[in-house]
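Engineer: Line order of the protein sequences matches chains A and B. Throughout the first sequence, residue numbering follows my numbering, covering 1 to 229 in sequence. Throughout the second sequence, residue numbering follows my numbering, covering 1 to 266 in sequence.
Take the hints with a grain of salt, since some may be wrong.
As the list claims (entries may be wrong) - Only pairs whose alpha carbons sit at most 25 Å apart, straight line, appear in this in silico DSS-like list of lysine-lysine:
#, chain 1, residue 1, chain 2, residue 2
1, A, 79, A, 155
2, B, 207, A, 168
3, B, 106, B, 7
4, A, 96, B, 207
5, A, 155, B, 7
6, A, 155, B, 106
7, A, 155, A, 214
8, A, 164, B, 207
In case anyone wonders, no lab produced these hints; they're calculated from the structure.
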Amino acid sequence: MSLTVWTVIFTSSNDAFGYSRESMITYIFLIAFLQSIIISSSLNGLASRIYSGEISNHLLKPLNIFALFAVQEIADKFKNTFFLVLETLFLFLIFKPIILFPDYKIFLIFIAWAFGGLIMNFIISLLFGSLGFWSPQVWGPQFLFFMILEFTAGKLFPLDILPKILQKIIYLTPFPYLSFLQIQLFLERLSADEIIKHSIVMIFWIITLGLITKIIWKKGLRSFESVGR
Amino acid sequence: MKKLRLKTYFNVWKIFGLNALQETLINRGSNILFMVGKILRFSFSLIFLYLIKTTVTSFAGYTSDQMIVFFLTYQFIDLTSQIFYRGVYVFSGKVRSGEFDFLLSKPINPLFRALTGKPDINDAIFMIPSLAVSFYIFSKLDVVVSWQSLLWYLVLLINGLLIVTTINILVLVIGILTTETEGIIWIYRDLSSMGRFPVEIYMQPLKFILYFIIPIGMMITIPTEVLLGINPSFSIVATMLVGVSSFVVSLKLWEWALKKYSGVGS
Numbered sequence: 001m002s003l004t005v006w007t008v009i010f011t012s013s014n015d016a017f018g019y020s021r022e023s024m025i026t027y028i029f030l031i032a033f034l035q036s037i038i039i040s041s042s043l044n045g046l047a048s049r050i051y052s053g054e055i056s057n058h059l060l061k062p063l064n065i066f067a068l069f070a071v072q073e074i075a076d077k078f079k080n081t082f083f084l085v086l087e088t089l090f091l092f093l094i095f096k097p098i099i100l101f102p103d104y105k106i107f108l109i110f111i112a113w114a115f116g117g118l119i120m121n122f123i124i125s126l127l128f129g130s131l132g133f134w135s136p137q138v139w140g141p142q143f144l145f146f147m148i149l150e151f152t153a154g155k156l157f158p159l160d161i162l163p164k165i166l167q168k169i170i171y172l173t174p175f176p177y178l179s180f181l182q183i184q185l186f187l188e189r190l191s192a193d194e195i196i197k198h199s200i201v202m203i204f205w206i207i208t209l210g211l212i213t214k215i216i217w218k219k220g221l222r223s224f225e226s227v228g229r
Numbered sequence: 001m002k003k004l005r006l007k008t009y010f011n012v013w014k015i016f017g018l019n020a021l022q023e024t025l026i027n028r029g030s031n032i033l034f035m036v037g038k039i040l041r042f043s044f045s046l047i048f049l050y051l052i053k054t055t056v057t058s059f060a061g062y063t064s065d066q067m068i069v070f071f072l073t074y075q076f077i078d079l080t081s082q083i084f085y086r087g088v089y090v091f092s093g094k095v096r097s098g099e100f101d102f103l104l105s106k107p108i109n110p111l112f113r114a115l116t117g118k119p120d121i122n123d124a125i126f127m128i129p130s131l132a133v134s135f136y137i138f139s140k141l142d143v144v145v146s147w148q149s150l151l152w153y154l155v156l157l158i159n160g161l162l163i164v165t166t167i168n169i170l171v172l173v174i175g176i177l178t179t180e181t182e183g184i185i186w187i188y189r190d191l192s193s194m195g196r197f198p199v200e201i202y203m204q205p206l207k208f209i210l211y212f213i214i215p216i217g218m219m220i221t222i223p224t225e226v227l228l229g230i231n232p233s234f235s236i237v238a239t240m241l242v243g244v245s246s247f248v249v250s251l252k253l254w255e256w257a258l259k260k261y262s263g264v265g266s
């Protein structure tokens, strides 16, 4: 849908919102691809697995449970990527976007940032899953998270077309680091200073969210009870 | 000829509604966040449309104000179907667990129970501000609407709701045959979200699919075109024919699927 909408917008003009037709189509194409990899997670059902006591089967085993979740997540990503490549090839043939690859140094940073986005989403999913230690009703916060993500991660439109005040608010959250900034980097729309700044902020978010998740998980484990499994 | 027992069904639906309301009140925290999520989605979509409005004067032959009317129609139909037919989302679980057996043995049409058994109170509450904002925005738009086109719009909206009902019945049929509906519901949700924009902007064969296979275009695009006085992509008669005939076919398919259903002896 996004590809069609932007294609239609650019039929009447070659430039809109500071993007050329080619760069916008490339943006939408790449962000859809990257988001499908980064944002999908095998941990979406974690809260109900915790609340039902199913998690106790794993807790009793001599395994690091986070390592287990990470392996499950990687397997899930591979499965999704396989279908995503097929879907992307199909869309590529229809829209024929001109993908301009950046300089190899930028591309390496892009890969690192994409990996950072994966880790951040994994931690956020764990954080929401941890709420299952206290309540099975995590769909409310999860729905809100996905709604915010739908717009603030830049899937339908790039965030830099929004009014400045909205952009400032969104940049105070970790959401732009889940795919929007990676694509901005890929399109070489960030200066060297901005790359350094966003790299530091991304690391800050990963560490902060990681610590919060660790604290909540520990608290949850202390109050966790399970019988008869 | 069977008596319709409308009052009985209304009373039964009222009980479903009250049960759903109680459930919502128990999980207040989650439901408030859910509501905030809905408001944010609505707001962001409107912001996006206004951004388009400030930059692009024409969108595939439609004005930016007309684009907003397409979105508001989508919002209304989507929300209405969520309010009444949320039960469809949990139906496959009932087939798998055998709970559907209980619905079959009650003196209430099982289709009515499966379709409307879990009204969405969140969406019902959200409908009030959503309608208020929609009317306000509509009153500010530069569009001309005649009484005649408004009347046909309302008729076609009812036809659109009939098509939504048909699609939900077909999901139930798939639920009985395969005991799995989650995937098909999300495909439908993704396709229906394309109705936020007029179906005319999409390329073939997607356009054909959105008019005739999963007729989002008949549900949203045609009524809005008629309201705005735009020559509709398909005639009103054809649109209503699609609505009524697909509804009849879906009822036949439901009856057929029921005969294929095998209970688990709950």
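Engineer: Does each hint fit the structure? Answer for all of them.
Structural biologist: How the hints compare with the structure:
no. : hint          : in the structure
1   : 79/A / 155/A  : holds, 21 Å
2   : 207/B / 168/A : violated, 38 Å
3   : 106/B / 7/B   : holds, 17 Å
4   : 96/A / 207/B  : holds, 19 Å
5   : 155/A / 7/B   : violated, 47 Å
6   : 155/A / 106/B : violated, 47 Å
7   : 155/A / 214/A : violated, 30 Å
8   : 164/A / 207/B : violated, 36 Å
Comparing the model with each earlier hint shows violations of hints 2, 5, 6, 7, 8; every other hint is respected.
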